[in-house]
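When you get a sec, could you build the whole thing from the sequences and use the hints?
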Amino acid sequence: VPGRWRNRGISLPLAPRLQGRAGSSVTLPETLLFVSTLDGNLHAVSKQTGAIKWTLKEDPIIQVPPAHSDIIDDVPSPSSFSDLIVIRGECGGGVQKLPFTIPELVQSSPCRSSDGVLYTGKKQDSWFVVDPQTGQKQTSLTTGSSDSICPSAPLLYIGRTEYVITMYDTKSRELRWNATYNDYSAPLWDDKYDYKMVHFASSGDGLVVTVDRDSGDVLWMQNYGSPVVGVYLWLQDSLRRVSHLNLAMETLRYLTFTSQHVHTMKWSYQFVREQASTKTQLMPSLYVGKFDSHFYASTAL
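The opening residue of the sequence shown carries number 1 in full-length UniProt numbering; numbering runs sequentially from there.
There's no promise every hint is true.
To be verified - The calculated BS3-like cross-link candidates involving lysine-lysine, where the alpha carbons are at most 30 Å apart (straight line), are:
id : residue 1 : residue 2
1  : K196      : K57
2  : K123      : K171
3  : K97       : K123
4  : K290      : K53
5  : K137      : K122
6  : K137      : K47
7  : K171      : K122
8  : K171      : K53
9  : K57       : K123
I should point out that these hints are in silico values taken from the structure, not numbers from a laboratory.
Note that the structure is predicted; figures quoted are calculated from it, not measured.
Following this line, the structure appears as C-alpha coordinates:
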(Lines of atoms letter the chains of each structure in order from A; the text may use other names.)
(Lines give C-alpha, C1' and ligand atoms only; values in the text may rest on other atoms or scores of the structure.)
Protein backbone atom coordinates (compact mmCIF):
# COMPACT_ATOMS: atom_id res chain seq x y z
CA VAL A 1 0.00 0.00 0.00
CA PRO A 2 1.75 3.21 -1.11
CA GLY A 3 0.39 5.24 1.80
CA ARG A 4 1.97 2.87 4.32
CA TRP A 5 5.34 2.48 2.67
CA ARG A 6 7.76 4.44 4.86
CA ASN A 7 11.16 3.18 3.79
CA ARG A 8 11.87 6.25 1.72
CA GLY A 9 14.98 8.39 1.61
CA ILE A 10 18.11 8.04 -0.49
CA SER A 11 18.52 4.96 -2.68
CA LEU A 12 21.57 4.30 -4.83
CA PRO A 13 21.33 1.11 -6.93
CA LEU A 14 25.05 0.95 -7.63
CA ALA A 15 28.04 -1.11 -6.56
CA PRO A 16 29.91 0.18 -3.47
CA ARG A 17 32.96 1.15 -5.56
CA LEU A 18 31.89 4.04 -7.78
CA GLN A 19 33.83 5.43 -10.71
CA GLY A 20 33.18 8.74 -12.42
CA ARG A 21 34.13 9.78 -15.90
CA ALA A 22 37.61 8.81 -17.09
CA GLY A 23 37.99 6.52 -14.08
CA SER A 24 38.01 9.35 -11.51
CA SER A 25 36.91 8.32 -8.03
CA VAL A 26 33.54 9.42 -6.71
CA THR A 27 32.80 10.34 -3.10
CA LEU A 28 31.12 7.35 -1.48
CA PRO A 29 28.00 8.19 0.55
CA GLU A 30 29.23 5.85 3.30
CA THR A 31 32.10 8.28 4.04
CA LEU A 32 29.73 11.19 4.64
CA LEU A 33 27.39 12.61 7.24
CA PHE A 34 24.38 14.53 6.01
CA VAL A 35 23.51 17.53 8.21
CA SER A 36 20.15 19.25 7.74
CA THR A 37 19.83 22.82 9.05
CA LEU A 38 16.88 25.09 9.76
CA ASP A 39 17.65 27.37 6.81
CA GLY A 40 16.96 24.48 4.40
CA ASN A 41 20.52 23.42 3.61
CA LEU A 42 21.51 19.76 3.49
CA HIS A 43 25.27 19.59 4.00
CA ALA A 44 27.22 16.50 2.96
CA VAL A 45 30.20 16.55 5.34
CA SER A 46 33.20 14.38 6.08
CA LYS A 47 32.76 11.93 8.94
CA GLN A 48 36.39 12.46 9.95
CA THR A 49 36.51 16.27 10.03
CA GLY A 50 32.99 17.64 9.59
CA ALA A 51 34.21 19.69 6.61
CA ILE A 52 31.53 20.41 4.03
CA LYS A 53 31.92 18.52 0.74
CA TRP A 54 28.84 20.01 -0.89
CA THR A 55 25.53 21.61 0.03
CA LEU A 56 22.04 21.06 -1.34
CA LYS A 57 20.10 24.32 -0.91
CA GLU A 58 16.33 23.99 -0.47
CA ASP A 59 13.48 25.90 1.17
CA PRO A 60 13.76 26.44 4.96
CA ILE A 61 12.52 23.64 7.19
CA ILE A 62 9.85 25.94 8.66
CA GLN A 63 8.14 28.72 6.72
CA VAL A 64 5.59 31.08 8.28
CA PRO A 65 4.09 34.07 6.41
CA PRO A 66 5.20 37.44 7.85
CA ALA A 67 1.60 38.36 8.65
CA HIS A 68 1.53 35.62 11.32
CA SER A 69 5.16 35.39 12.36
CA ASP A 70 5.22 38.02 15.12
CA ILE A 71 1.96 37.04 16.81
CA ILE A 72 2.96 35.50 20.12
CA ASP A 73 -0.36 35.39 21.95
CA ASP A 74 -1.91 31.91 21.68
CA VAL A 75 -0.13 31.02 18.44
CA PRO A 76 1.62 27.68 17.76
CA SER A 77 5.34 27.57 17.14
CA PRO A 78 7.23 24.55 15.79
CA SER A 79 9.10 22.85 18.63
CA SER A 80 11.89 20.43 17.77
CA PHE A 81 10.62 21.30 14.32
CA SER A 82 7.71 18.87 13.88
CA ASP A 83 6.05 19.19 17.29
CA LEU A 84 3.86 22.19 18.06
CA ILE A 85 3.71 24.36 21.15
CA VAL A 86 1.51 27.33 22.01
CA ILE A 87 3.35 30.46 23.08
CA ARG A 88 1.29 32.92 25.13
CA GLY A 89 2.65 36.43 25.42
CA GLU A 90 0.14 37.63 28.00
CA CYS A 91 1.09 38.40 31.59
CA GLY A 92 1.26 35.05 33.33
CA GLY A 93 1.33 33.20 30.03
CA GLY A 94 3.69 30.39 29.17
CA VAL A 95 4.20 27.55 26.73
CA GLN A 96 2.16 24.42 26.17
CA LYS A 97 3.03 21.47 23.95
CA LEU A 98 0.18 20.34 21.74
CA PRO A 99 -0.57 16.60 21.60
CA PHE A 100 0.25 16.22 17.91
CA THR A 101 2.98 16.95 15.40
CA ILE A 102 2.59 18.84 12.14
CA PRO A 103 2.62 15.61 10.05
CA GLU A 104 0.00 14.06 12.37
CA LEU A 105 -2.18 17.16 12.09
CA VAL A 106 -1.94 17.12 8.30
CA GLN A 107 -2.79 13.41 8.28
CA SER A 108 -5.92 14.06 10.41
CA SER A 109 -7.16 17.11 8.51
CA PRO A 110 -9.72 18.36 7.80
CA CYS A 111 -10.58 18.44 11.48
CA ARG A 112 -12.02 20.79 14.09
CA SER A 113 -10.84 21.43 17.65
CA SER A 114 -13.09 21.83 20.69
CA ASP A 115 -12.43 25.59 20.74
CA GLY A 116 -13.74 26.07 17.21
CA VAL A 117 -10.49 26.08 15.23
CA LEU A 118 -10.62 24.48 11.79
CA TYR A 119 -7.51 22.68 10.52
CA THR A 120 -6.74 22.04 6.88
CA GLY A 121 -3.57 20.48 5.58
CA LYS A 122 -1.83 19.00 2.59
CA LYS A 123 1.24 16.87 1.94
CA GLN A 124 3.52 16.88 -1.09
CA ASP A 125 6.27 14.30 -1.66
CA SER A 126 9.23 14.78 -3.97
CA TRP A 127 12.54 13.14 -4.87
CA PHE A 128 15.69 15.16 -5.50
CA VAL A 129 18.07 13.47 -7.93
CA VAL A 130 21.57 14.55 -6.88
CA ASP A 131 25.10 14.03 -8.17
CA PRO A 132 26.95 12.43 -5.20
CA GLN A 133 30.25 14.00 -6.21
CA THR A 134 29.18 17.66 -6.48
CA GLY A 135 25.77 17.81 -4.80
CA GLN A 136 24.28 19.32 -7.95
CA LYS A 137 20.58 18.57 -8.28
CA GLN A 138 19.89 17.00 -11.66
CA THR A 139 16.10 17.07 -11.45
CA SER A 140 13.13 16.66 -9.11
CA LEU A 141 10.55 13.89 -9.28
CA THR A 142 7.02 14.66 -8.10
CA THR A 143 3.49 13.55 -8.90
CA GLY A 144 3.38 16.29 -11.50
CA SER A 145 6.75 15.81 -13.19
CA SER A 146 9.30 13.11 -13.94
CA ASP A 147 12.01 14.44 -16.23
CA SER A 148 14.32 11.90 -17.83
CA ILE A 149 17.86 11.65 -16.44
CA CYS A 150 21.13 10.21 -17.70
CA PRO A 151 21.14 6.53 -16.68
CA SER A 152 24.93 6.18 -16.78
CA ALA A 153 25.64 8.66 -13.97
CA PRO A 154 25.74 7.52 -10.31
CA LEU A 155 22.97 9.41 -8.54
CA LEU A 156 21.49 9.90 -5.10
CA TYR A 157 17.71 9.94 -4.70
CA ILE A 158 16.76 12.10 -1.72
CA GLY A 159 13.16 11.99 -0.54
CA ARG A 160 11.61 15.11 1.00
CA THR A 161 8.07 15.79 2.18
CA GLU A 162 6.37 19.18 2.47
CA TYR A 163 3.55 19.60 4.99
CA VAL A 164 1.27 22.66 4.88
CA ILE A 165 -1.11 23.36 7.77
CA THR A 166 -3.68 26.16 8.14
CA MET A 167 -5.72 27.16 11.21
CA TYR A 168 -8.97 29.12 10.83
CA ASP A 169 -10.76 30.54 13.89
CA THR A 170 -14.55 30.26 13.54
CA LYS A 171 -15.11 32.67 16.44
CA SER A 172 -13.11 35.58 15.05
CA ARG A 173 -13.64 34.40 11.46
CA GLU A 174 -9.98 35.00 10.73
CA LEU A 175 -7.05 32.96 9.54
CA ARG A 176 -5.23 32.26 12.79
CA TRP A 177 -1.98 30.67 11.63
CA ASN A 178 -0.46 28.76 8.74
CA ALA A 179 2.92 27.22 8.19
CA THR A 180 4.93 24.94 5.92
CA TYR A 181 7.17 22.22 7.34
CA ASN A 182 9.73 20.23 5.31
CA ASP A 183 11.36 16.96 6.35
CA TYR A 184 13.75 14.51 4.73
CA SER A 185 12.48 10.94 4.59
CA ALA A 186 14.76 8.53 6.45
CA PRO A 187 14.23 5.61 8.84
CA LEU A 188 15.93 5.68 12.23
CA TRP A 189 19.43 4.27 12.64
CA ASP A 190 19.36 0.64 13.75
CA ASP A 191 21.10 0.22 17.12
CA LYS A 192 22.44 -3.18 16.11
CA TYR A 193 24.98 -1.30 13.97
CA ASP A 194 27.54 0.09 16.41
CA TYR A 195 27.99 3.82 15.82
CA LYS A 196 31.13 5.22 17.41
CA MET A 197 30.27 8.93 17.42
CA VAL A 198 27.97 11.19 19.42
CA HIS A 199 26.81 14.53 18.00
CA PHE A 200 26.04 17.59 20.13
CA ALA A 201 24.37 20.61 18.49
CA SER A 202 23.76 24.15 19.67
CA SER A 203 20.09 25.08 19.86
CA GLY A 204 20.71 28.67 18.79
CA ASP A 205 23.24 28.43 15.96
CA GLY A 206 24.91 25.85 13.74
CA LEU A 207 27.70 24.65 16.04
CA VAL A 208 28.15 20.86 16.07
CA VAL A 209 30.61 19.01 18.33
CA THR A 210 31.29 15.36 17.52
CA VAL A 211 32.69 13.15 20.29
CA ASP A 212 34.06 9.61 20.36
CA ARG A 213 31.44 7.56 22.20
CA ASP A 214 33.97 5.41 24.08
CA SER A 215 36.88 7.71 24.91
CA GLY A 216 35.08 11.06 25.15
CA ASP A 217 37.63 12.67 22.81
CA VAL A 218 36.36 15.59 20.77
CA LEU A 219 36.83 14.48 17.16
CA TRP A 220 35.82 17.69 15.43
CA MET A 221 33.83 20.91 15.72
CA GLN A 222 32.10 22.77 12.90
CA ASN A 223 29.59 25.61 12.66
CA TYR A 224 27.07 25.23 9.84
CA GLY A 225 25.54 28.68 10.27
CA SER A 226 22.00 27.62 11.21
CA PRO A 227 20.50 25.36 13.92
CA VAL A 228 20.81 21.65 13.12
CA VAL A 229 17.52 19.87 12.49
CA GLY A 230 18.75 16.37 11.63
CA VAL A 231 21.89 14.25 11.20
CA TYR A 232 21.90 11.31 8.79
CA LEU A 233 24.13 8.41 7.79
CA TRP A 234 24.21 6.24 4.70
CA LEU A 235 23.56 2.55 5.36
CA GLN A 236 22.49 -0.25 3.02
CA ASP A 237 21.29 1.96 0.17
CA SER A 238 19.29 4.36 2.33
CA LEU A 239 19.66 7.45 4.44
CA ARG A 240 19.29 6.78 8.19
CA ARG A 241 18.55 9.36 10.86
CA VAL A 242 20.96 9.28 13.82
CA SER A 243 20.22 10.97 17.11
CA HIS A 244 21.89 14.20 18.17
CA LEU A 245 21.63 16.03 21.48
CA ASN A 246 20.66 19.71 21.57
CA LEU A 247 22.52 21.84 24.09
CA ALA A 248 22.09 25.52 24.87
CA MET A 249 24.68 27.70 23.15
CA GLU A 250 26.23 28.65 26.49
CA THR A 251 26.37 25.02 27.66
CA LEU A 252 28.06 23.74 24.52
CA ARG A 253 30.62 26.52 24.50
CA TYR A 254 31.37 26.03 28.18
CA LEU A 255 32.02 22.33 27.66
CA THR A 256 34.18 22.76 24.58
CA PHE A 257 35.92 26.12 24.65
CA THR A 258 37.67 25.50 27.98
CA SER A 259 40.61 24.13 25.98
CA GLN A 260 42.59 25.99 23.34
CA HIS A 261 43.62 22.71 21.73
CA VAL A 262 40.43 21.07 20.53
CA HIS A 263 42.05 17.97 19.06
CA THR A 264 43.77 17.06 22.34
CA MET A 265 40.85 17.94 24.59
CA LYS A 266 39.31 15.16 26.67
CA TRP A 267 35.57 15.45 27.22
CA SER A 268 33.99 12.49 28.98
CA TYR A 269 30.79 11.42 27.28
CA GLN A 270 29.71 10.06 30.67
CA PHE A 271 29.46 13.67 31.85
CA VAL A 272 26.31 14.04 29.80
CA ARG A 273 25.13 10.46 30.14
CA GLU A 274 25.52 10.21 33.93
CA GLN A 275 24.98 13.72 35.27
CA ALA A 276 23.80 12.52 38.68
CA SER A 277 27.37 11.63 39.68
CA THR A 278 28.79 15.05 38.81
CA LYS A 279 28.70 18.38 40.61
CA THR A 280 27.44 20.18 37.51
CA GLN A 281 24.08 19.01 36.24
CA LEU A 282 22.47 19.85 32.92
CA MET A 283 18.78 20.70 33.24
CA PRO A 284 16.24 20.28 30.41
CA SER A 285 14.95 23.56 29.03
CA LEU A 286 13.08 25.01 26.07
CA TYR A 287 14.98 27.38 23.80
CA VAL A 288 12.84 29.88 21.87
CA GLY A 289 14.62 31.47 18.94
CA LYS A 290 13.78 33.49 15.87
CA PHE A 291 14.57 32.50 12.30
CA ASP A 292 13.90 35.03 9.54
CA SER A 293 10.71 36.64 10.90
CA HIS A 294 9.12 33.79 12.85
CA PHE A 295 9.67 32.02 16.16
CA TYR A 296 10.72 28.44 16.72
CA ALA A 297 11.32 26.39 19.86
CA SER A 298 13.81 23.64 20.56
CA THR A 299 14.45 21.43 23.57
CA ALA A 300 17.95 21.82 25.01
CA LEU A 301 20.13 21.17 28.07
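We went through each hint and held it up to the structure:
1. K196 with K57: It holds: about 29 Å lies between the C-alpha atoms, which stays within 30 Å.
2. K123 with K171: Distance of about 27 Å is within 30 Å: holds.
3. K97 with K123: holds (23 Å)
4. K290 with K53: holds (28 Å)
5. K137 with K122: Holds. K137 to K122 sits at ~25 Å (cutoff 30 Å).
6. K137 with K47: holds (22 Å)
7. K171 with K122: holds (24 Å)
8. K171 with K53: violated (52 Å)
9. K57 with K123: holds (20 Å)
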